[in-house]
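S.K.: Start from the sequences and build out the full structure, keeping to the hints where you can.
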Amino acid sequence: MLDIKFVRENPELVKENIKKKFQDHKLGYVDEVIALDEERRQTIVRADELRANRNKISKEIGILMSQGKREEGMALKEQVTAQAKELDELAKKETELTEKVTKLMMSIPNIIDESVPIGKDDS
Numbered sequence: 140m141l142d143i144k145f146v147r148e149n150p151e152l153v154k155e156n157i158k159k160k161f162q163d164h165k166l167g168y169v170d171e172v173i174a175l176d177e178e179r180r181q182t183i184v185r186a187d188e189l190r191a192n193r194n195k196i197s198k199e200i201g202i203l204m205s206q207g208k209r210e211e212g213m214a215l216k217e218q219v220t221a222q223a224k225e226l227d228e229l230a231k232k233e234t235e236l237t238e239k240v241t242k243l244m245m246s247i248p249n250i251i252d253e254s255v256p257i258g259k260d261d262s
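Each residue of the sequence shown is one higher than the last, beginning at 140 in our numbering.
It is worth saying that the hints were derived from the structure and are not from the lab. Hints are not guaranteed to be accurate.
Calculated cross-link-like contacts (lysine to any residue; reagent style SDA-like; alpha-carbon spacing at most 25 Å) [what the hints assert, rightly or not]:
(1) Lys231 - Asn192
(2) Lys239 - Asp163
(3) Lys216 - Leu189
(4) Lys158 - Glu148
(5) Lys144 - Lys216
(6) Lys195 - Asp163
(7) Lys144 - Thr241
M.R.: Laid out in structure tokens, this is it:
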């Protein structure tokens, strides 16, 4: 299986390789993999941002509670709870996208060596 980074950086080379293997029906997989991977990466970034924000708010909650500002602390707790739900959804989405990318990547043929003659089959 090819590395996703290689496919992202060399989509035309990968497509040319697919053509050399006479598997033109797989050409669309390259663009689809790149699009799904970009969506997956954006999901990861959003989840990381939410985790960082949650950690920041959690510290604020501790400070507010120790200062006796219970109402403000409880309001922030509700915000953390809402973010936890969004994090769960993002984790599920990331898992689904990763599975889709992996499945498509397994369908994209490996790069053939330059010394290999081009033919209709592997023989």
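S.K.: Take the hints in turn and mark each one as holding or not.
M.R.: Okay, the hints, checked on the actual structure:
Taking the CA atoms of Lys231 and Asn192, the gap is about 20 Å. The hint holds against a cut of 25 Å. A distance of roughly 20 Å separates the Cα atoms of Lys239 and Asp163; the hinted pair therefore holds under the 25 Å criterion. Restraint check for Lys216 and Leu189: the C-alpha separation of about 14 Å stays at or below 25 Å, so the hint holds. Annotation: proposed proximity of Lys158 to Glu148 holds, straight-line Cα distance about 18 Å (limit 25 Å).
For the suggested pair Lys144 and Lys216, the alpha carbons sit about 39 Å apart, so the restraint of at most 25 Å is broken. A threshold of 25 Å between alpha carbons decides the hint, and for Lys195 with Asp163 the separation of about 50 Å lies outside it, so the pair is violated. Our distance criterion of 25 Å between C-alpha atoms is met by Lys144 and Thr241, whose separation comes to about 13 Å.
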